[in-house]
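Participant: Each chain, letter by letter, is given below.
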Amino acid sequence: MRYGFVIDNRRCIGCHACSVACKAENRVPLGVYRTWVKYVEKGRFPNTRRYFQVTRCNHCEDPPCVAICPVGAMYQRGDGIVDFDPSRCIGCKACMQACPYDAIYVDPEQGTAAKCHYCAHRVDAGMEPSCVVVCPEHAIVAGDIDDPASEVSQLLERESVRVRRPEQETGPKLFYVEAEETAIVPGAAANVGTYMWGTVNEQADRALPPAGQPASPVPALVAYDVEHKRPWDWQVPVYFWTKSIAAGILAVPALASLALGVEVWEHVDTLLGFLGLLFMAVTVGLLVSDLSRPERFFRVLTNPQPRSWLARGAFLLVLYSLLLAAFFLWSWIGPDGAASVLLWPTVIGGVLAAAYTAFLFGQCEGCDLWQTPLLPLHLVAQCVLTSGAVLALLPHSLAPPSDLRRAAVFGLGLGLVLHGLTVLGEFALPHSTDSARRAAALITRGPFRIVFWIGAIGIGVALPAALLIFGWCSPLAVGFAGAGVLAGLLAFEWCFVMGGQGVANS
Amino acid sequence: MSEFPRPGSNLQSHPPVERWDDWVENDPEAWPRKVERHYRLIPTICFNCEAACGLLAYINKETGQIDKIEGNPMHPGSRGRICAKGPAVLNQVHSADRVLYPMKRKGPRGSNQWERTTWDEVLETFGSRIRKAIQEGRGEEVMYHVGRPGHDGYMERVLQGWGIDGHNSHTNICSASARLGYVLWQGADRPSPDHANARCILLISAHLEAGHYFNPHAQRIIEGKMDGAKLIVIDPRLSNTASMADSWLASHPGTETALLLAMAKVILDFGRFDARFMKDWVNWE
Numbered sequence: 007m008r009y010g011f012v013i014d015n016r017r018c019i020g021c022h023a024c025s026v027a028c029k030a031e032n033r034v035p036l037g038v039y040r041t042w043v044k045y046v047e048k049g050r051f052p053n054t055r056r057y058f059q060v061t062r063c064n065h066c067e068d069p070p071c072v073a074i075c076p077v078g079a080m081y082q083r084g085d086g087i088v089d090f091d092p093s094r095c096i097g098c099k100a101c102m103q104a105c106p107y108d109a110i111y112v113d114p115e116q117g118t119a120a121k122c123h124y125c126a127h128r129v130d131a132g133m134e135p136s137c138v139v140v141c142p143e144h145a146i147v148a149g150d151i152d153d154p155a156s157e158v159s160q161l162l163e164r165e166s167v168r169v170r171r172p173e174q175e176t177g178p179k180l181f182y183v184e185a186e187e188t189a190i191v192p193g194a195a196a197n198v199g200t201y202m203w204g205t206v207n208e209q210a211d212r213a214l215p216p217a218g219q220p221a222s223p224v225p226a227l228v229a230y231d232v233e234h235k236r237p238w239d240w241q242v243p244v245y246f247w248t249k250s251i252a253a254g255i256l257a258v259p260a261l262a263s264l265a266l267g268v269e270v271w272e273h274v275d276t277l278l279g280f281l282g283l284l285f286m287a288v289t290v291g292l293l294v295s296d297l298s299r300p301e302r303f304f305r306v307l308t309n310p311q312p313r314s315w316l317a318r319g320a321f322l323l324v325l326y327s328l329l330l331a332a333f334f335l336w337s338w339i340g341p342d343g344a345a346s347v348l349l350w351p352t353v354i355g356g357v358l359a360a361a362y363t364a365f366l367f368g369q370c371e372g373c374d375l376w377q378t379p380l381l382p383l384h385l386v387a388q389c390v391l392t393s394g395a396v397l398a399l400l401p402h403s404l405a406p407p408s409d410l411r412r413a414a415v416f417g418l419g420l421g422l423v424l425h426g427l428t429v430l431g432e433f434a435l436p437h438s439t440d441s442a443r444r445a446a447a448l449i450t451r452g453p454f455r456i457v458f459w460i461g462a463i464g465i466g467v468a469l470p471a472a473l474l475i476f477g478w479c480s481p482l483a484v485g486f487a488g489a490g491v492l493a494g495l496l497a498f499e500w501c502f503v504m505g506g507q508g509v510a511n512s
Numbered sequence: 010m011s012e013f014p015r016p017g018s019n020l021q022s023h024p025p026v027e028r029w030d031d032w033v034e035n036d037p038e039a040w041p042r043k044v045e046r047h048y049r050l051i052p053t054i055c056f057n058c059e060a061a062c063g064l065l066a067y068i069n070k071e072t073g074q075i076d077k078i079e080g081n082p083m084h085p086g087s088r089g090r091i092c093a094k095g096p097a098v099l100n101q102v103h104s105a106d107r108v109l110y111p112m113k114r115k116g117p118r119g120s121n122q123w124e125r126t127t128w129d130e131v132l133e134t135f136g137s138r139i140r141k142a143i144q145e146g147r148g149e150e151v152m153y154h155v156g157r158p159g160h161d162g163y164m165e166r167v168l169q170g171w172g173i174d175g176h177n178s179h180t181n182i183c184s185a186s187a188r189l190g191y192v193l194w195q196g197a198d199r200p201s202p203d204h205a206n207a208r209c210i211l212l213i214s215a216h217l218e219a220g221h222y223f224n225p226h227a228q229r230i231i232e233g234k235m236d237g238a239k240l241i242v243i244d245p246r247l248s249n250t251a252s253m254a255d256s257w258l259a260s261h262p263g264t265e266t267a268l269l270l271a272m273a274k275v276i277l278d279f280g281r282f283d284a285r286f287m288k289d290w291v292n293w294e
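One line per chain: the protein sequences are P and D, in this order. Just so it is clear: in the first sequence, position 393 is 399 by the working numbering, and no numbers are missing. Just so it is clear: in the second sequence, position 137 is 146 by the working numbering, and no numbers are missing.
Keep in mind the hints are simulated off the structure, nothing from the lab. Ideal Cβ placement from N, Cα and C applies to all residues, glycine included. There's no promise every hint is true.
What the hints assert, rightly or not - Computed from the model, here is a short list of chain D residues facing chain P with C-beta under 7 Å:
1) 21
2) 38
3) 40
4) 41
5) 73
6) 74
7) 77
8) 90
9) 93
10) 99
11) 101
12) 231
13) 286
All chains, full assembly: derive it from the sequences and hints.
Facilitator: Now the structure itself:
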């Protein structure tokens, strides 16, 4: 048995009865929606019409929100309904990033994720979902798509149907009869955020018209949609940055010892261990503060959902923190150089702590820009970069200055080459989906362009590269290069995280 | 009919009538924990428009409050389906701004200061002032204004009994002109055409998704359309209805009469009408 919906656009008159019935049934607060009717107006007068699209959770066969949920609050039932348990949810909003359909919201009163759950509480009592019952036109049909006798199966057999965003390969079980291209494809109609009854979308970057797309021969405009705020706020790009610093803190000292034979780490091991722990504490603080139920953060560790990279990442962060703490304590209390046995294990722990986020972002299937296969490499490269920058900024009295500078220049140079190449790959290579291309355009040509070109590229890559090439033996130039790299990387994380969430999925 | 199964489905659309006195549902707010809530389902009528669709009020037996409102499947017009205004009746019932008692102005007019009063005082005050006005020959100073006159005929008779032409409602600027036309033409002010079996449906600024009567009519208009009826819409604006039309004519507001006369002329001039039907059924020679 697999429950699904067929929405028959030949019948739908866009009356919003479904939206209101759902709100009443499920006590959905103001400002958020489990189902809504998107309107698109297409054509030029008098050859114009409005299209209606009832929009909601697709109850995917392979739901990305379930895979990413760190605590098993989102789950798929045996009958195919994707349901959720607010009492488990920690409010991490990862499911919102995983959903390529903008179907999930955080309940403003509970601080927990919610969405259409096919009125599972009614289904279990033998009743149809509320929207199906209320619909004046019987345009929403619910039933078992495995049962050939059901109305949904018969409609599916007889009519040609479409699902939203099939390229996401999630197997939506909501099928539209006579879907309208400009409504079903996000971004196919211009969306300026000003709708029939007012302006709801205050996120200017989301309202950017589809960049670089050939102008449609027939103009289309989104006349009504609901607001979807960017799920993750400033804490997440800053977390990227602090975590890079924490995770990479020993990387360049270890590499310099291996590649150049420069044992600079022995002089600064305690300091680096301390700095790593400090940045790790800030990282964890940022992660917890971005939860809408921060008091439940520990459930990631006590009640982990093993497929979630958020849960896996939490354990990797704990592992790295323990290694780093041991390294710090041993280097502080133990005899000189004794921490060397812990150096490489800690560096490897740092690589894991750095790279796991790439797999977490890979599970964020609602953000196509983040699906780049270069991301694990990029996060490790960022660690090398920040590690070099930290060495470049260390006071020269702490270690033999030429050794310190050599290690710093080595780290910065290697990091800049790797970082520069991966940024080039992420933004200049053709994107696999239109959504990824549009997110990249938001960053390189849209509202993030100044932060990206001046901050991330100018201050973060070009300036440090020039300083290193023309003044590599000057301590001042290396110091400035380190500072530029750190500032530029923060700008880059900002663009990547905020811009990556900038493309609407509905 | 007391059960409401959906053909080909294991799910029902509405609770069976036998269980309306004690209907059990899972509390949606406790879900996925199964917490049973017992309801008494009371049939009632929606008066957010004059279509008067059938509603079922779900009365929580524990609190005695209405928890939600659905359509009444036994209602022949709305057939258990309702528009957005139906479930939203809940907001009217539980609104924090709802006036629960008769209120009397306290301060100066416009100061928005009110105090609670009794129905006795209201009736006393109004009755004596109306009576005084009538006795002193100032009957034209009395006006009865109501949002929606749903008490067909009663208040008209009262006002006539007083010898007063003082009935006023929003209908004057809303459906009055259309309804006068219907009365003159076919003797009923709120016709309910057989849309489901029509071959061609003409809507003039009448809507599928908004305004009066929309739900029962829209159900049958779309049924007719699914069976192949053509839908023609005359509407100055791009409404949802215009969007569903096979043909949409965007008239200039106020020119509809001229348009209809022109259409009538063409029909007459070119003999595009069923003369036999007109003779037999509307005595039209």
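Participant: If a hint holds in the structure, say so; if it doesn't, say that too.
Facilitator: Evaluation of the provided hints:
1. 21: For residue 21 (chain D), the interface hint holds, since the closest Cβ of chain P sits about 6 Å away, which is under 7 Å.
2. 38: 6 Å, holds
3. 40: 4 Å, holds
4. 41: Result: holds, 5 Å to nearest chain P Cβ.
5. 73: Violated - the Cβ of residue 73 (chain D) stays beyond 7 Å from chain P, reaching only about 18 Å at its closest.
6. 74: Result: violated, 13 Å to nearest chain P Cβ.
7. 77: 5 Å, holds
8. 90: Check passed: Cβ of residue 90 (chain D) comes within 5 Å of chain P, closer than 7 Å.
9. 93: 4 Å, holds
10. 99: 6 Å, holds
11. 101: With a minimum Cβ separation of about 12 Å from chain P (threshold 7 Å), the hint on residue 101 (chain D) is violated.
12. 231: 5 Å, holds
13. 286: 31 Å, violated
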